[in-house]
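Using the sequences provided together with the hints, build the complete structure.
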Amino acid sequence: MRVTILYFAWLRERIGLAHEQLETDAATVTELVGELRTRSDRHALAFSDLAAIRVAIDQDLADLDAPITGAREIAFFPPMTGG
Amino acid sequence: MRVTILYFAWLRERIGLAHEQLETDAATVTELVGELRTRSDRHALAFSDLAAIRVAIDQDLADLDAPITGAREIAFFPPMTGG
Amino acid sequence: MADIRVQSEPFDYGQECAAFAQAHSDNGAIVTFCGIVRGEDGLQAMEIEHYPGMTERALHRIAAEAAARWSLGGALILHRHGHLTPEEPIMMVATAARHRADAFAAADFMMDYLKSRAPFWKKERRASGESWVAAREVDEQALSRW
Amino acid sequence: MADIRVQSEPFDYGQECAAFAQAHSDNGAIVTFCGIVRGEDGLQAMEIEHYPGMTERALHRIAAEAAARWSLGGALILHRHGHLTPEEPIMMVATAARHRADAFAAADFMMDYLKSRAPFWKKERRASGESWVAAREVDEQALSRW
Chain A
0 MRVTILYFAW LRERIGLAHE QLETDAATVT ELVGELRTRS DRHALAFSDL AAIRVAIDQD
60 LADLDAPITG AREIAFFPPM TGG
Chain B
0 MRVTILYFAW LRERIGLAHE QLETDAATVT ELVGELRTRS DRHALAFSDL AAIRVAIDQD
60 LADLDAPITG AREIAFFPPM TGG
Chain C
0 MADIRVQSEP FDYGQECAAF AQAHSDNGAI VTFCGIVRGE DGLQAMEIEH YPGMTERALH
60 RIAAEAAARW SLGGALILHR HGHLTPEEPI MMVATAARHR ADAFAAADFM MDYLKSRAPF
120 WKKERRASGE SWVAAREVDE QALSRW
Chain D
0 MADIRVQSEP FDYGQECAAF AQAHSDNGAI VTFCGIVRGE DGLQAMEIEH YPGMTERALH
60 RIAAEAAARW SLGGALILHR HGHLTPEEPI MMVATAARHR ADAFAAADFM MDYLKSRAPF
120 WKKERRASGE SWVAAREVDE QALSRW
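Chains as they are written, first to last, in numbering that gives the first Met the number 0: chain A, 0 to 82; chain B, 0 to 82; chain C, 0 to 145; chain D, 0 to 145.
If you're looking for bench data, these hints aren't it; they were derived computationally from the structure.
Idealized CB from N, CA, C, for every residue including glycine.
Please note that a few of the clues may not be correct.
[To be verified] Selected chain C positions facing chain D (in silico; Cβ < 7 angstroms):
1. Tyr12
2. Gly13
3. Ser24
4. Gly27
5. Val30
6. Thr31
7. Phe103
8. Asp107
[As the list claims (entries may be wrong)] Covered, in the sense of this in silico footprint (three residues per stretch, anywhere, with C-beta under 8 angstroms from a C-beta of chain C), are these stretches of chain D:
9. 1 to 14
10. 18 to 24
11. 28 to 39
12. 94 to 106
So this is what it looks like as structure tokens:
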């Protein structure tokens, strides 16, 4: 399955990418994170503390153990600080 | 003791006065109301339901059994409806 | 600290909001409330009576109590009296604080106390006649929140 | 029903308050909140990043949830992104309702959800460098109120 991965705020900066395309068979966000960590040292570093990371699947907030089957856009970012 | 009595809203309208001067020996608001009731039929009617009346002694809200010794201005009015 | 105004003249809610936010722009959070005359049930006009002297005293006390309970950078209470027509602003409050929770709570608190502890009385005029607005039990109960 | 705007351009808080109150003058109660960039600790500028598409979706959802919980005549959420300087308005919410309790609760609720559920991230710039604003535990805890 082909998905677009988006990164925001310090995740974007640490990974050095705003987005990337990925071919994956991961069934959950956690599995996907496992794959992303292997892509580069920067990915590994950025994903070292999952407690500091939030995820949205197709623009809806989701849990890290959420299934991603059929998803087209998965975004990773720190806790939000709007307002 | 000489006090100024003020009336607001429907109390003012029912009594037909916005204010009046009074010489009184009443020690509490309740005693004062007893005296005011005897001043005219309009007073008696206006003060017929004390539950519908609020009082301020020298511009501070007070209870009906509050002492009035030394007060200069006593106001009677319905529950407030500002805002 | 608080800006307390009791006036018969109309006021411009937007301009007051802008001026208040500008004057307190070192605070992070501004909350404003505006009460507007609802033209429902054929309301033609409203007359607001108040108790000059006690009104200002009561509003200052309400603002001081809010400032004692929450960390505020500023507060405004502006209330009209006299003749008003539907869709006109009756009154407003504004609060400024470092944190939004303080600004919200203080504005909410001031409105609750203003409703049933400041000496204003509203009379409504309709084709059918005039009548004094009755106090609502829910407004008295609201005070128990604080 | 809700007016949702995400923009990099500055907005005029006073004008927005006036326009909102005017557009909802058949409601008796208007509440507005404005968040302002605090220039403290030598803050020079703020950059707000957001997630286009998801942001609008999240804000619409927050406004819809507020409208489902309280009786509202209207709601506005306006949030800037991009470059901001101290004392500039960052964002605002506004609510209109027949009764003030609904207007206050809905505005307070929308702010709490917007703080930690809408995809905005703030970066602060000082002479000492740039840093991302950390989420505050108290903001996450605030959600349990609702």
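Subject >> Index of numbered hints that the structure contradicts, given in increasing order >> reply: none
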